[in-house]
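Here is what each chain is made of, one letter per residue.
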Amino acid sequence: MAKKLKKIKSNRIKYAYFVLIFIFLILFTINFVFSFFQNKILSILQSQKFENFVILKVESYLEKLSDGELTEEQVEYYSNLLERINQKFKPVIDKLEK
Amino acid sequence: MILKNNFFLLNLLFFFLSFLGSVYQSQFIYDPFHWGLSQSSIDLFSNLEPYKEIFIHYGFFYTISNSFVLKLFSNDLIYTMYLSSLFFALGNFFLCHIGYNKLKIKTVYFLPILLFLVHPFANHPWYNYQFYFLIVLSIFFLIENKIFSLFLTGILLSISCLVYENFIYLGILLVITIFFFQKNSKKKYLLLLGFLLPQAIFHLYLLNNNLHSYWIKTFWLNEIFLIIYDLTFFELIHKYLENFLTKSIFNFFSEPYYFLFLIILVVNSYFFIKFIFFEKKNFRDNNINAYLFILSLICLFSYASTLHKLNIFRFSTGPIIGVIVMFYFVERHYSKYKNYLWTLILVILAASSFVPIKQENNRFFPLFEDISSNYSSKNLVFFKSQKWRKETWDVINEIDRSSYLISLNCPKVTNFINYTEDAFIYMIANQYINSDQYLLWYENKKFYHLLSKHFNKNVNLLLDDLNKFENGIIFFNLKDINFLRKKINFENFSYIEFPFSYQQKRKGLIIPKNCFKKIN
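Protein sequence lines, in the order shown, are assigned to chains R and Y. Numbering-wise, numbering that gives the first Met the number 0 puts 97 at position 98 of the first sequence, and it's gapless, one number per residue. Numbering-wise, numbering that gives the first Met the number 0 puts 138 at position 139 of the second sequence, and it's gapless, one number per residue.
Isolated chain R (complex conformation):
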């Protein structure tokens, strides 16, 4: 009986051990894949291609922004917005004019 109990205990420890190994192997796979993509994404962000892409996109947004006419509401909204920006950056603009 005692021998049987000992064997059951030993088997349980073995199972627990292999479950632990399995969990860490899964963690390894997740970490590896995650880091690989992290490196890929950072590489893209650092690349000249991405810089060109951003410049083209900004140009495209500016072009779109310059198309058409503003509605009354938009005139009111942008006036308020630019007024606030102007207020905030006044010291900088004053310094530049000097």
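Quick caveat, the hints were computed from the structure, so don't treat them as lab data. The reader is advised that the hints may include incorrect statements.
[Claimed, not checked] Sample of chain R residues lacking proximity to chain Y, with all beta carbon distances greater than 12 Å (derived):
| id | residue |
| --- | --- |
| 1 | 1 |
| 2 | 7 |
| 3 | 26 |
| 4 | 29 |
| 5 | 55 |
| 6 | 67 |
| 7 | 69 |
| 8 | 71 |
| 9 | 77 |
| 10 | 80 |
| 11 | 82 |
| 12 | 88 |
| 13 | 89 |
| 14 | 93 |
[As the list claims (entries may be wrong)] Here are the simulated EDC-like pairs of lysine to aspartate or glutamate, each with C-alpha atoms no more than 20 Å apart in a straight line:
| id | chain 1 | residue 1 | chain 2 | residue 2 |
| --- | --- | --- | --- | --- |
| 15 | Y | 389 | R | 50 |
| 16 | R | 94 | Y | 490 |
| 17 | Y | 444 | Y | 241 |
| 18 | R | 48 | Y | 369 |
| 19 | R | 48 | Y | 399 |
| 20 | R | 48 | Y | 390 |
| 21 | Y | 411 | Y | 464 |
| 22 | Y | 504 | Y | 359 |
| 23 | Y | 512 | Y | 397 |
| 24 | R | 39 | Y | 369 |
| 25 | Y | 504 | R | 50 |
| 26 | Y | 105 | Y | 330 |
| 27 | R | 94 | Y | 479 |
Backbone N, C-alpha and C define an ideal beta-carbon position, used for all residues, glycine too.
Since the structure of chain R is provided, determine the placement of chain Y on it from the hints.
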């Protein structure tokens, strides 16, 4: 025998993996703070005097070994990194060899993989890697226990103290301990002779050149860190233990190597205390335990090198030596589970360390984009083997061009100040113009103020002189322009902006107006 050969091959494989990996990775590193210290090694073979006129940060032997390498390879900085990489890989190789072949700990079979997972590649051309190799080699010769090998142990321990001068306390303690254990009086005195010989040569050199008063200043450099952190020594220890424990426990899944070093600390402390208080007599008859005691002594003392910062490269070039004691401990007390335990530890370490991105245990894993797009520029001898981004080269080449043009066209400009953290700027400008600033980097920060003051250098006075006589130029970070406006009269000076780069940010150069006109 087959097992022994297999272990040798495994150890050799990880030696080459670590060495070649470090060599390859180092091409992409841009780290002017650590690499820039090579200027001291270059200056050592000029007419300047060490310590007095040359900033020797950690130790004379560290500086001079880099000097030889730089002389041999025409000042190409990457070779100092190759030297560190070689020392690190050899240190690991010999540590495994000691554990498996000399101390006969069979589970050390796992050690080459463990060392590689904890810290795969050398990260800096720094003294730690040289120190680590020399210490491990001194243990190797100690265990050989032959007459001449004890002499070599003494020499290597002594050179370790010259690589890292703060190690002298432990060096002396180690020699006394080995002296105490050794029964053969011939071996005892050869060990002592070996230790005293390099020290005597070094101190005779200092004495001959009246340099002792300058040397002692670098010796007390650590005090500055206490002032910077505004802590007493005991507060520093308390804070260190708190941070170390927190990182070990709460970062277990992301940075498990800290937990490993905590266990190494515990096991070595246990072994050390057990030896000192309980089993000294038994240990004296048992050589293996005496060697393990020496390993634990080195391990525990070298934790002091991590007080400054909890960097894994510091742990992996000192406290890691105690891993042998840990292997011995597991083999002796948990013999039944040893293979399971080490396999689990390796899997845990691999789970978080073996990843293709930079992290604490390998701080310079390159981006894929850097590997495919970076290139070399042969313009400057210092960096001809580096592979950096275009915008980094643009800044470097522009600094070189400006310095050259100033030296050519402005004879009145006789000195420069590098008011940035980038020591590469110092190296580039120093090819054409002199500098009196002693330190290779300087910023308006407490660390640099205190460090400079410690060596009796006042950069504010240098700035005042330069402003008054208009005889120099200042490299600076553009964000510091407001601070420098208070120091420099911009009616007589102009400034140039260098191109922007992600790594270097925006740097500038303050230059006398008459010189500015000549180079434009």
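Hints, one by one, checked against the model:
no. : hint             : result
1   : 1                : holds (19 Å)
2   : 7                : holds (18 Å)
3   : 26               : violated (4 Å)
4   : 29               : violated (9 Å)
5   : 55               : holds (19 Å)
6   : 67               : holds (36 Å)
7   : 69               : holds (35 Å)
8   : 71               : holds (42 Å)
9   : 77               : holds (31 Å)
10  : 80               : holds (29 Å)
11  : 82               : holds (28 Å)
12  : 88               : holds (18 Å)
13  : 89               : holds (19 Å)
14  : 93               : holds (16 Å)
15  : Y:389 with R:50  : holds (14 Å)
16  : R:94 with Y:490  : holds (18 Å)
17  : Y:444 with Y:241 : violated (26 Å)
18  : R:48 with Y:369  : holds (13 Å)
19  : R:48 with Y:399  : violated (28 Å)
20  : R:48 with Y:390  : holds (14 Å)
21  : Y:411 with Y:464 : holds (13 Å)
22  : Y:504 with Y:359 : violated (23 Å)
23  : Y:512 with Y:397 : holds (19 Å)
24  : R:39 with Y:369  : holds (11 Å)
25  : Y:504 with R:50  : holds (17 Å)
26  : Y:105 with Y:330 : holds (8 Å)
27  : R:94 with Y:479  : holds (17 Å)
Of the numbered hints listed earlier, those contradicted by the structure are 3, 4, 17, 19 and 22.
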